[in-house]
Amino acid sequence: MVYGEIECSQARIALSDTQGSGFPVLLLHGNSNARNVFFRQFQSPLAQRYRLIAIDLPGHGQSGNARDPQAGYTMPGLADTVAEVLDALAIEHLAVVGWSLGGHIGIELIERDPRIAGLMIMGTPPISRGILGVLRGFQPNTDLALTTRGRLRPRDVDRFFRMCFGARGPQDFRALIERTDWRMRRIMGRGIMAGLGVDQKYVVEHNRAPLAVVNGQDEPFARLEYLAGLNYANLWDGRCHVIEKAVHAPFLEAPREFNALLERFLDDVAAWAAGAAGGLRRHA
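Note that my numbering has the sequence shown beginning at 5, numbered continuously upward.
Because the hints were derived from the structure by calculation, they are not lab data.
One thing to keep in mind: the hints can contain errors.
Pairwise CB distance ranges (calculated) [to be verified]:
{"id": "1", "residue 1": "Pro80", "residue 2": "Leu136", "range": "18 to 24 angstroms"}
{"id": "2", "residue 1": "Pro118", "residue 2": "Arg157", "range": "18 to 24 angstroms"}
{"id": "3", "residue 1": "Gly199", "residue 2": "Gln52", "range": "41 to 47 angstroms"}
{"id": "4", "residue 1": "Met197", "residue 2": "Ala51", "range": "37 to 43 angstroms"}
{"id": "5", "residue 1": "Gln143", "residue 2": "Gly8", "range": "21 to 27 angstroms"}
{"id": "6", "residue 1": "Gly26", "residue 2": "Asp91", "range": "17 to 23 angstroms"}
{"id": "7", "residue 1": "Gln221", "residue 2": "Arg183", "range": "29 to 35 angstroms"}
{"id": "8", "residue 1": "Ala51", "residue 2": "Gly233", "range": "31 to 37 angstroms"}
{"id": "9", "residue 1": "Gln143", "residue 2": "Glu182", "range": "23 to 29 angstroms"}
{"id": "10", "residue 1": "Ala275", "residue 2": "Gly233", "range": "25 to 31 angstroms"}
{"id": "11", "residue 1": "Asp222", "residue 2": "Ile95", "range": "33 to 39 angstroms"}
{"id": "12", "residue 1": "Asp72", "residue 2": "Lys249", "range": "39 to 45 angstroms"}
Using N, Cα and C, we set each Cβ at its ideal position, and we do this for glycine too.
Using the sequences provided together with the hints, build the complete structure.
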């Protein structure tokens, strides 16, 4: 395992990289978390078969805060930083695994970056622009407001932690929420309401790269019926996967079942990428 930093336009980005010769996989964490959440994948045989890379987004974990928060914390701005990381790593083709906010960034990337050969999303409803798109994709959960709130009180941090990891989640992950630049949540949320970024529903219904949708059975925020009802252009396995007894973080709560799905998906994406015509844009 190699731990390093990459200097990007908005921030210094911290990353973990298994290196190796396997097909590259970029793991993107959720709102107010960090790359640490994927430790179950880095400790699994996946780390020997694939090149696993995880970063801390700007304003999160060990990365720096955005130098221009109003630009750097929007969905397009976060995707720009991830693209800079890929430029620095000189990766030609890869899969992206995105949890919650990380999944939304992955959808933003897959629309504009032909290096993305496949995307797996968890806890991420691909929404249309604007408030109506948000209402259709997300459940009416009062704790959802915490994801776009600025400064969090201690009890807010507790609620945020429970919605991400449940009552039995790793206690040290509370510090990840406390560390996050509070401006990120507010600016990101306002940007979503203003319609900044791609129309995510349109992207998943037209982009031909393989898309895997994996959620916990008791996912608290994304509407599972909404996800199941979209007309995907290339839904992996032909269905949305639901992991029993898991909530918002199935990769952490049910790692054996999740990792088995991820391994099959990555094998398929690597084969698909090898057969794609020179990495050209892939649309229906």
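Evaluated hints:
Take Pro80 and Leu136: their Cβ atoms lie about 20 angstroms apart, and the range 18 to 24 angstroms holds. The beta-carbon spacing between Pro118 and Arg157, approximately 44 angstroms, falls outside the hinted interval of 18 to 24 angstroms. Hint check: Gly199 to Gln52, Cβ distance near 42 angstroms, so the stated range 41 to 47 angstroms holds. Between Met197 and Ala51 the beta carbon distance is about 38 angstroms. The supplied range of 37 to 43 angstroms therefore holds.
At roughly 38 angstroms, the beta carbons of Gln143 and Gly8 sit outside the given window of 21 to 27 angstroms. About 21 angstroms separates the C-beta atoms of Gly26 and Asp91, a value consistent with the hinted range of 17 to 23 angstroms. Checked against the hint of 29 to 35 angstroms, the pair Gln221 and Arg183 passes, with Cβ atoms roughly 30 angstroms apart. Ala51 and Gly233 have their C-beta atoms about 35 angstroms apart, which keeps the hinted 31 to 37 angstroms range intact.
For the pair Gln143 and Glu182, the supplied restraint of 23 to 29 angstroms holds, since their beta-carbon distance comes to about 26 angstroms. The beta-carbon spacing between Ala275 and Gly233, approximately 28 angstroms, falls within the hinted interval of 25 to 31 angstroms. Between Asp222 and Ile95 the CB atoms are about 35 angstroms apart, so this pair conforms to the stated range of 33 to 39 angstroms. Our hint of 39 to 45 angstroms for Asp72 and Lys249 holds, since their Cβ atoms are close to 42 angstroms apart.
In this structure, the hints that do not hold are numbers 2, 5, in rising order.
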